[in-house]
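Those sequence lines, one after another, are chains A and B. Here numbering that gives the first Met the number 0 is used: position 20 in the first sequence is 19, and no number is missing along the way. Here numbering that gives the first Met the number 0 is used: position 82 in the second sequence is 81, and no number is missing along the way.
To be clear, the hints were calculated from the coordinates, so they are not data collected in a lab. All residues carry an ideal CB built from backbone N, CA and C; glycine is no exception. Heads up, some of the hints might be wrong.
[To be verified] A few chain A residues facing chain B, derived, Cβ under 10 Å:
{"#": "1", "residue": "H2"}
{"#": "2", "residue": "A3"}
{"#": "3", "residue": "E8"}
{"#": "4", "residue": "M9"}
{"#": "5", "residue": "N10"}
{"#": "6", "residue": "Y82"}
{"#": "7", "residue": "A123"}
{"#": "8", "residue": "I140"}
[Stated by the list, open to error] Dumping the calculated SDA-like pairs for lysine to any residue here, alpha-carbon to alpha-carbon at most 25 Å:
{"#": "9", "chain 1": "A", "residue 1": "K41", "chain 2": "B", "residue 2": "Q45"}
{"#": "10", "chain 1": "B", "residue 1": "K41", "chain 2": "A", "residue 2": "A99"}
{"#": "11", "chain 1": "A", "residue 1": "K41", "chain 2": "B", "residue 2": "D47"}
{"#": "12", "chain 1": "A", "residue 1": "K41", "chain 2": "B", "residue 2": "I69"}
{"#": "13", "chain 1": "B", "residue 1": "K41", "chain 2": "B", "residue 2": "E113"}
{"#": "14", "chain 1": "B", "residue 1": "K41", "chain 2": "A", "residue 2": "Q45"}
{"#": "15", "chain 1": "B", "residue 1": "K41", "chain 2": "A", "residue 2": "S21"}
{"#": "16", "chain 1": "B", "residue 1": "K41", "chain 2": "A", "residue 2": "N102"}
{"#": "17", "chain 1": "A", "residue 1": "K41", "chain 2": "B", "residue 2": "R66"}
{"#": "18", "chain 1": "B", "residue 1": "K41", "chain 2": "A", "residue 2": "E8"}
{"#": "19", "chain 1": "A", "residue 1": "K41", "chain 2": "A", "residue 2": "E8"}
{"#": "20", "chain 1": "B", "residue 1": "K41", "chain 2": "A", "residue 2": "T71"}
{"#": "21", "chain 1": "B", "residue 1": "K41", "chain 2": "A", "residue 2": "E25"}
{"#": "22", "chain 1": "B", "residue 1": "K41", "chain 2": "A", "residue 2": "K41"}
{"#": "23", "chain 1": "A", "residue 1": "K41", "chain 2": "B", "residue 2": "S30"}
{"#": "24", "chain 1": "B", "residue 1": "K41", "chain 2": "B", "residue 2": "S30"}
{"#": "25", "chain 1": "B", "residue 1": "K41", "chain 2": "A", "residue 2": "T110"}
{"#": "26", "chain 1": "B", "residue 1": "K41", "chain 2": "B", "residue 2": "P119"}
{"#": "27", "chain 1": "A", "residue 1": "K41", "chain 2": "A", "residue 2": "H135"}
{"#": "28", "chain 1": "A", "residue 1": "K41", "chain 2": "B", "residue 2": "A99"}
{"#": "29", "chain 1": "A", "residue 1": "K41", "chain 2": "B", "residue 2": "G73"}
{"#": "30", "chain 1": "A", "residue 1": "K41", "chain 2": "A", "residue 2": "E113"}
{"#": "31", "chain 1": "B", "residue 1": "K41", "chain 2": "A", "residue 2": "I69"}
{"#": "32", "chain 1": "A", "residue 1": "K41", "chain 2": "A", "residue 2": "S21"}
What follows is the residue order along each chain.
Protein chains: 2
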Amino acid sequence: MRHAIRIAEMNDVDAIARLLHSFNEEFGEPSPPADILADRFKDLLQADTFVVLGGNGPDGLAVVRLRRSIWTSGLESYLAELYVVPNRRGQGLGRALMHAVLNEALARGATTMEIGVDAPDYAARRLYESLGFTNHVDGAIGPVMYVYEREL
Amino acid sequence: MRHAIRIAEMNDVDAIARLLHSFNEEFGEPSPPADILADRFKDLLQADTFVVLGGNGPDGLAVVRLRRSIWTSGLESYLAELYVVPNRRGQGLGRALMHAVLNEALARGATTMEIGVDAPDYAARRLYESLGFTNHVDGAIGPVMYVYEREL
Chain A
0 MRHAIRIAEM
10 NDVDAIARLL
20 HSFNEEFGEP
30 SPPADILADR
40 FKDLLQADTF
50 VVLGGNGPDG
60 LAVVRLRRSI
70 WTSGLESYLA
80 ELYVVPNRRG
90 QGLGRALMHA
100 VLNEALARGA
110 TTMEIGVDAP
120 DYAARRLYES
130 LGFTNHVDGA
140 IGPVMYVYER
150 EL
Chain B
0 MRHAIRIAEM
10 NDVDAIARLL
20 HSFNEEFGEP
30 SPPADILADR
40 FKDLLQADTF
50 VVLGGNGPDG
60 LAVVRLRRSI
70 WTSGLESYLA
80 ELYVVPNRRG
90 QGLGRALMHA
100 VLNEALARGA
110 TTMEIGVDAP
120 DYAARRLYES
130 LGFTNHVDGA
140 IGPVMYVYER
150 EL
């Protein structure tokens, strides 16, 4: 199945905010109001962030952050969010978003991409692994890598 | 034991580069030459990065990246590197660096900190856990969180 996939532009911030708000609602996470999120993305899209939108709704999105690498002259990228609305799942839209994400990150100068994933997110983990991501050091042969975090 | 701890300034880039170069050498990782790293930190320290130095050598450092949060009006922080030279380990220098890191990140507006840690880095994991970090979702009661990565 072909999916309409495009890089978000400044006039897409309301669609981005709506999808992210639905994302939080679905998973019972507290969420800023959609208008606050839209304003924030007006800034982020002009700074270190790009968003890929998929489907005609749009029905899904991926949010990527970029920053300079310490170890190379290029950029490193981080997949901050990936979301597809419930009634569009299982149709390859997440995979189509990820292909676009990888191409766009590369085109913008990134040489690596990282993702934080909760252990029980098997569908996401299978998708990322099928795209060449690994949670093992040294390209799949080493031990696993954890995310540690705390509030400040 | 008290440790000399301070936030790196622009004229510390050579010390930063030397420590990071030793770090890579010790762990058999490829490393850019020290002069390239020093130049890179001239840029990073003016952009999204701060470094904490510890000991008189200095003998250790912590490198922290900051960026705007998607979900709050504050910043999120990421501990990119933590290193203490071999002959100064076991004296609390890593812990002193981490206390300074947490204070400085908070002072700069960060509301969260993340760290990627390889599973067998038990000393580091114990240190982070003793400082309130967790690799479990929802503050230690949920499943673990993995880092996935790939080259682009």
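For each hint, the structure was consulted:
1. H2: This interface hint is violated because 21 Å lies over the 10 Å limit.
2. A3: Since the shortest Cβ distance to chain B is 24 Å, the answer is violated.
3. E8: violated, 18 Å
4. M9: violated, 17 Å
5. N10: Because about 19 Å separates N10/A from the closest Cβ in chain B, which is outside the 10 Å limit, the hint is violated.
6. Y82: It is violated, given that the least Cβ distance between Y82/A and chain B is near 12 Å, above 10 Å.
7. A123: Interface hint status for A123/A: holds (9 Å vs cutoff 10 Å).
8. I140: violated, 13 Å
9. K41/A with Q45/B: It holds: about 24 Å lies between the C-alpha atoms, which stays within 25 Å.
10. K41/B with A99/A: Violated: K41/B and A99/A sit about 33 Å apart, past 25 Å.
11. K41/A with D47/B: holds, 20 Å
12. K41/A with I69/B: It holds: about 11 Å lies between the C-alpha atoms, which stays within 25 Å.
13. K41/B with E113/B: holds, 24 Å
14. K41/B with Q45/A: holds, 24 Å
15. K41/B with S21/A: Outside the cut-off at roughly 41 Å; violated.
16. K41/B with N102/A: violated, 30 Å
17. K41/A with R66/B: Measuring from Cα to Cα gives roughly 15 Å; hence the hint holds.
18. K41/B with E8/A: With Cα atoms ~32 Å apart, K41/B and E8/A exceed 25 Å; violated.
19. K41/A with E8/A: Distance of about 9 Å is within 25 Å: holds.
20. K41/B with T71/A: Holds: K41/B and T71/A sit about 14 Å apart, inside 25 Å.
21. K41/B with E25/A: Violated. K41/B to E25/A sits at ~44 Å, over the 25 Å cutoff.
22. K41/B with K41/A: Roughly 29 Å separates the two Cα atoms, so the pair is violated.
23. K41/A with S30/B: violated, 37 Å
24. K41/B with S30/B: The hint holds at about 17 Å.
25. K41/B with T110/A: Between K41/B and T110/A the Cα gap is close to 21 Å, so the pair holds against 25 Å.
26. K41/B with P119/B: Not OK: K41/B and P119/B at ~33 Å, beyond 25 Å, violated.
27. K41/A with H135/A: Measuring from Cα to Cα gives roughly 35 Å; hence the hint is violated.
28. K41/A with A99/B: violated, 33 Å
29. K41/A with G73/B: holds, 16 Å
30. K41/A with E113/A: Status holds; Cα separation ~24 Å.
31. K41/B with I69/A: holds, 11 Å
32. K41/A with S21/A: Holds - the C-alpha atoms of S21/A and K41/A are around 19 Å apart, at most 25 Å.
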